[in-house]
Structures are given as C-alpha cells and as structure tokens.
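Given these sequences and hints, build the entire structure.
There are 2 protein chains.
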Amino acid sequence: MFDFKYYTPTKVVFGKNTESQVAELVKEFGGTKLLIHYGGGSVVRSGLLKRVTDTLDAAGISYVTLGGAVPNPHLGLVYEGIELCKKENVDFLLAVGGGSAIDSAKAIGYGVANEGEVWDFYDYKRKATGCLPLGVILTIAATGSEMSDSSVITKEEGLVKRGYSSDYSRPRFAIMNPELTMTLPDYQTACGCTDIMMHTMERYFTQGGNMEITDALAEGLLRTVKKNALILRDNPKDYNARAEVMWAGSLAHNGLTGCGNDGGDWMTHKLEHELGGMYDVAHGAGLAAVWGSWARYVYKDCLDRFKKFALNVMEVEDKGTDEEIAIAGIEAMEDFYRSINMPTNLRELGVKATDEDLVKMAKKCAIGVGGQMGSAKLLDEAAMLEIYRASM
Amino acid sequence: MFDFKYYTPTKVVFGKNTESQVAELVKEFGGTKLLIHYGGGSVVRSGLLKRVTDTLDAAGISYVTLGGAVPNPHLGLVYEGIELCKKENVDFLLAVGGGSAIDSAKAIGYGVANEGEVWDFYDYKRKATGCLPLGVILTIAATGSEMSDSSVITKEEGLVKRGYSSDYSRPRFAIMNPELTMTLPDYQTACGCTDIMMHTMERYFTQGGNMEITDALAEGLLRTVKKNALILRDNPKDYNARAEVMWAGSLAHNGLTGCGNDGGDWMTHKLEHELGGMYDVAHGAGLAAVWGSWARYVYKDCLDRFKKFALNVMEVEDKGTDEEIAIAGIEAMEDFYRSINMPTNLRELGVKATDEDLVKMAKKCAIGVGGQMGSAKLLDEAAMLEIYRASM
Chain A
3 MFDFKYYTPT KVVFGKNTES QVAELVKEFG GTKLLIHYGG GSVVRSGLLK
53 RVTDTLDAAG ISYVTLGGAV PNPHLGLVYE GIELCKKENV DFLLAVGGGS
103 AIDSAKAIGY GVANEGEVWD FYDYKRKATG CLPLGVILTI AATGSEMSDS
153 SVITKEEGLV KRGYSSDYSR PRFAIMNPEL TMTLPDYQTA CGCTDIMMHT
203 MERYFTQGGN MEITDALAEG LLRTVKKNAL ILRDNPKDYN ARAEVMWAGS
253 LAHNGLTGCG NDGGDWMTHK LEHELGGMYD VAHGAGLAAV WGSWARYVYK
303 DCLDRFKKFA LNVMEVEDKG TDEEIAIAGI EAMEDFYRSI NMPTNLRELG
353 VKATDEDLVK MAKKCAIGVG GQMGSAKLLD EAAMLEIYRA SM
Chain B
3 MFDFKYYTPT KVVFGKNTES QVAELVKEFG GTKLLIHYGG GSVVRSGLLK
53 RVTDTLDAAG ISYVTLGGAV PNPHLGLVYE GIELCKKENV DFLLAVGGGS
103 AIDSAKAIGY GVANEGEVWD FYDYKRKATG CLPLGVILTI AATGSEMSDS
153 SVITKEEGLV KRGYSSDYSR PRFAIMNPEL TMTLPDYQTA CGCTDIMMHT
203 MERYFTQGGN MEITDALAEG LLRTVKKNAL ILRDNPKDYN ARAEVMWAGS
253 LAHNGLTGCG NDGGDWMTHK LEHELGGMYD VAHGAGLAAV WGSWARYVYK
303 DCLDRFKKFA LNVMEVEDKG TDEEIAIAGI EAMEDFYRSI NMPTNLRELG
353 VKATDEDLVK MAKKCAIGVG GQMGSAKLLD EAAMLEIYRA SM
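Protein sequences appear in the order of chains A and B.
Letter 63 of the first sequence, counting from 1, is numbered 65 in the numbering used here, and no numbers are missing.
Letter 228 of the second sequence, counting from 1, is numbered 230 in the numbering used here, and no numbers are missing.
The hints are simulated quantities; they were obtained by calculation from the structure and are not laboratory data.
Any given hint could be a false lead.
To be verified - Once the Cα atoms are required to be at most 30 Å apart in a straight line, the calculated DSS-like pairs of lysine-lysine come out as:
(1) A/K127 to A/K366
(2) B/K129 to A/K29
(3) A/K228 to B/K129
Claimed, not checked - Heads up, incomplete: computed chain B residues facing chain A, CB under 7 Å, no partners named:
(4) D5
(5) Y8
(6) T10
(7) K13
(8) V14
(9) H76
(10) L77
(11) Y81
(12) I215
(13) G222
(14) K228
(15) L232
(16) A245
(17) Y281
Where a beta carbon is used, it is the ideal one built from N, C-alpha and C, also for glycine.
Put into structure tokens, the structure is as follows:
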C-alpha cells in the first residue's frame, strides 16, 4: 500500500428541502457578494433559481448571476465569469447545477484568485495558489465535483478538454437534495450512474498499493449504485434510490475509494475526454462506450483485480480460470450498461468516426497525458488507437 | 432514511514517517505557538516527542508541553492545560498520542476559546461557540477522535464520565503513521479494534433510516477490522494490518458509517462509560464486556439489523429462523472477542461489582442519558440494570 493524503473539507447538507439552508451556509463560510453560476434553463424553469435568490434576498446577501454552463463546459464562459466577478467584487461562488456548472465555477474561482491566463492550470503550465471559495447546490448526481478537487474545462479552439485538480477548489459546502435530481431525463440519470461507477473503477484497477478497507468500501459503493441504477430505470421518482446514487456520487470521487492505492488508472476517462472534446457526447455515455474495449485490452496485465471485481462487484460465479472469471466480469458490466441503455461502443454512442478521426484522437490523447499513462496497463499512442478501433 | 450532515474537514496525512511533516502542517493551519499535549512516558521513551520538537525547533515554531493524559482523561489536567495555554498565549494545540491525549486537548481547546467553566459543555449546560485549533499525531488506533467531533472527559469528583460533541473540535490535521502503533501492548491493540468496531456497530443497530450505501461501507469496514485484528494478534508488527486498522478507526467514527440513519444506538457506550468512570477499565475491553448482554436484551426489537449483521459481517450461514441467525451472529461476535482476548462479561473484565454497585451504575447511566436512550431498543434504568446483571 502507498502513503496517502485524504482531505474532504466540504460540509455536506443532505436531504429534502436542504436548499433552504443556502443563505446560512454562505454566511457561515464568509460569502457577502455571490456569483450564482448555473447551466441551462432547467434550473430556471423548475423554480429552483428563484427559490435560491429569494432565500438570499431575505438574508440580505447580494449576488449576480451567470447562466449558460454546458456539458463539457467552455473556456469562453469561464472568462466571462472571471470578468464579472472582478467587476462586481464577488467574494463567493455559488454553483447551482451539475458537474458543468461546478467545474466552470471552479475555473472561474482560479481565474479570480490568480493573476494571468487561467488555461495555464489546465494546460499543465503552472499551479494555482488559491481559488475563490465555492458552494454548491447539486442537481445532477454524476461527476462528484461537489466534493472533489478536480474540474474539467474544454477550450473551444481545437476542442481541447483538460482537467485540473487542487484542494483549493474543493467546495466549502454542498447542498444535496435528491428530489432535485428527479426530473432528469432517464439518459442523464444513467450517464450519471455510469460516471459515478467509473470514478471508483478508475481507482480500483491498479497495479498494487490497494488497501483491503478501500476495496471493501469501493465494492460496496459499486454494488449499491448498480442496484439503484436499475431501480431508477424503472422508477425515476424513487427518493431512496435517488439518495443512494447521489451520496455515492460524492463518495466515489472525493478520494475515499482511492486511499492507499497508486492514484488509479484513469485511462478510460482520458480516452473519453478526447471523444467529449471532439463530439460533445455525454461524459457518462462516452465512458461506457470505451470501457469494455479498454478492459479487454488491459485485463491480462491486472488479472487479480479484474477477478476480484468480477466476484465482489458483478457477483459472477466463482468457476473457471482466473481469465474466464475476469472476462465474465467484463461481460457482466457491459450487460449492466446495456440494461440501463448505455452504449458499449462508439457506434451505439452515435459517434461516426473515420479511422483518420481515431488516429487523430489517439494522438491528442497521448499528448494530453504526456506520452503514456495507465496503472492497470501503461498505454501509449498505439495502444490508445487500438482501443479506439476496438470500440468502433 | 433521514436527512444528514457530513463534515470531516480534517486533513489526513497517512503513511510511514509522516510525523516529519508536522511543522509544515502546523504552519498551513496558522499555528505559531503550540501546546504539545501527550499522555504517558511511551511518547517520550520511543523518541517520538523529541523527533516532533526537533522538527518544530528547526522550523522556528515555539511550543510548551504538557504530558500526563491518562485513559479516561481527567478534568484536572484539562484545567491545567487551559491555564498553561492562557499564560503562554498558545494559539494551536498538538495532541501526540491516542484518544486520551486528543480528547483532553479538545477539552483544553474549549476551555481556552470559551469563557467560564469548561465542564458545563460535558454537563449539557451550554454549548461551545469555538475551540482552539487542534492537530494530531496519532499513536493508537481506537477512538477515532483524530477525525471526530467528540471527546470524553472524566470529572474526578464522583467519577462522572461524559462526552461532548461539536464540529469546532474536529482536528485540522491528523498525522497517521501505522508504524507508531506497532509497540502497543497486545491488549491495547485488541481494545482498539473493539472500540473501532463498536463505533460502527453503534451506528448500525438502529430502528430504521438506514441507507444501503452506508450499510455497505459499514459492513466492509467491520469485516476488514475483524480480519486484521486476528492478523495483529499473531503478528503485531504487520504494517499492512496496522494500516488497515488505523484507517478504519478514523472512518468508523468520523460520521461516514452513520450517514442517513437516526444517529445510532450508543447504549453500549453509555453502559461502558459508567464502568470506565468507576473502575478505570480500558474502554475497548469495557465495551466488549457489556456488548453481548446488551445485544441479547435488544435483538428481538431490531431483528432485521441483527440478521443482516450476522450474515454480512459475521458471515454466519443463512439457515434457520431470523432469530436463530441473529443469535448466531451475536455468538460469533462474542467468539471473535474471545479470540482476540477481549472479555465478554464483567468478571472477565476484572470488575468485581456487587449488585449494589450495578444498581448505582444503572442509576448514574440513566441520569447521564437523561432518563432513557437507545435506538435498537429504548432502555430505561431498569433495563440498564438488567443488562449489567446479565453481564456479570
């Protein structure tokens, strides 16, 4: 096992109608002038934004608003937010939405708290020395950004999608009301469940350094999401299932399920990032579409972990060779993806890529990870291309 | 399930030689003048205290020291610490040791940050409005105080043992080096494993409000501690087992294993507190000594949970009636306690109590909990007495 740091300072307030506590939480963490950042119109249409601003008005907290965060959030909007914050002397960010609004708010926070070009952080050129404090009202269970140190931004020029992680951006508080996720389209719910599971699976498939307790927590989390994703497929209004998935989403990406390991594999995410950058696909669906091809390419190099996953998460029968059990686990995972209407290849994802496109994506992906990356198996550009081709 | 808050701001730095990072962590959290609080001589004899003070000296951080924290830490020493902090203008507390040193430091922190009598907080008379910031170098895996909001202090007059919980006292950082726990006597190690499991079991045996993900995490944690406690019985120097137990100790009591439930049962702890107050027994051993009698008294009122515990934690065979499975789980837990040389009744604990003593303890326990308490089953003074009698 490896040494580790664990730092999750976010105060989570979880349950029905918890958004009514937003003003006291903002005050507790010292906010006096807010930028409320949100995504599409659903936050407006549902009345959530008005409830939030009414609560802030009543508490005498002033704010400006900025909507328009989109999936794979764009750098242009980040610039706009930074300018607005500076002009209005904003001292606290409130993201209302899912990962897009939160990630975009984190990038705005870096831009306000640091001089110079904010893209530098996402382009690995320098490190942030701070971030404007941030609170979250979560409306989509998926990215885990509400407790995580990471954010992913897409630069429009060249459609470059990059992530940056630092503890400065961990939200001060996260309001989580499972009811707010009930109106999500089924496809988005399934994408969220996929993303949540992948955050833990990326940390699970490693070449050692694993702790038994971390594995036990990870496997328990994965089984819970798997079960409740199926409940939500059939009954999207099930409060308990919404709550299980929402809390799992935070725990899957706050660091808990990676304690003691080598940092994780993360190649499925990197392969998807190129898809997301070029085709603007839903992140969760993109992950599902490439995972199976990745898994089949790497499992022999990480056989113990794939076997453990098959037995303890997918609960396949313990018979046959280790390889047979590992493959049965991968197949069961793909069956699960199909059962919640997630794609298991690029065609099903709706990506009509030519082989030239795949070559281009593999090249960009390799550049993005600095040449090669992966823990279950180290992948270079040629390997990435092979996985993309297998996922057609 | 119930709404919940989850707040664990402690920065954990886990692994070999992590105590060498103490000065930078103190600086990160703003400490300039420290009170280093520790317990018995082992922290001195092992050279740990000198390593810590050398590191602080090299970083130019000044400090005063106060040793003498004992199991069931006493209020008298807390007063001494408060006076010393005020006299020396201490702005940060560093506890080096186990739960006794940490709990005692938390009480000192309340005493410095609040006017008036510090015992008031433990006596339910008023609430603290702050606590001096606190860091921890952990040397015993047991109480979870290194990430928790709680502390337990014993008032010498009348031997009254009481706990107080508030987020203000959650440590800013916790340095956890499993190697520092390797020299613990076997009995202390077993007591620690018992305490850790009990922190999660207190949260597990409730009358509803449970989340599946919380159960999955709790069960995984319990299985991990159970397995590694046996490894440590046979090989106290096993680094991985020390690490598994140490990390489990923090997760068992930072709130994670209670998310969504009704707050937990906690009657085993309350019953033990009276024992600990009157006889100065080791906390973990006291818990083991009363748990079985408590469990047999309450299990019929909480049958689903006892059955789930039997199957998923103690891994007993799924055959017979629910009651038979529940009893098999209780017996398996008692067998486990015996296997790590923990007592399963007061005699084995070495407590020679007369029936008059038991009556007195039950009375004090009932007063301590405000009349009656318990989630698995609500217990009054008569019930407490019956459990004490059954545990003789």
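- Item | Straight-line alpha-carbon gap A/K127 to A/K366, limit 30 Å | Given pair A/K127, A/K366 holds - Cα atoms ~17 Å apart, limit 30 Å.
- Item | Given hint B/I215 near chain A, where the shortest CB pair must fall under 7 Å | 4 Å, holds
- Does B/K228 meet its interface restraint, that is, does its C-beta lie within less than 7 Å of any C-beta in chain A? 11 Å, violated
- Going by Cβ atoms only, is B/V14 closer than 7 Å to chain A? For B/V14, the interface hint holds, since the closest Cβ of chain A sits about 4 Å away, which is under 7 Å.
- Item | Interface hint status, B/A245 versus chain A (Cβ within 7 Å) | With a closest approach of 6 Å, the B/A245 hint holds.
- Message: Hint validation: B/K13 versus chain A, beta carbon distance must be below 7 Å. Holds or violated?
- Response: This interface hint holds because 5 Å falls under the 7 Å limit.
- Message: Against the 30 Å threshold, does the CA-CA distance of B/K129 and A/K29 hold or violate the hint?
- Response: 20 Å, holds
- Message: Would the hint on B/Y8 be counted as holding, given a Cβ-Cβ threshold of 7 Å to chain A?
- Response: With Cβ-Cβ at 4 Å, under 7 Å, it holds.
- May I ask you to test the interface hint for B/H76 with respect to chain A, counting a Cβ-Cβ separation under 7 Å as satisfied? 32 Å, violated
- Measuring from the C-beta of B/Y81 to each C-beta in chain A, is the shortest one below 7 Å? 31 Å, violated
- Taken at face value, is the distance from the CA of B/K129 to the CA of A/K228 at most 30 Å? 43 Å, violated
- Message: Does the closest beta carbon of chain A sit nearer than 7 Å to the beta carbon of B/L77?
- Response: 31 Å, violated
Checked against the numbered hints given earlier, this structure breaks hints 3, 9, 10, 11, 14, 15, 17; the rest are met.
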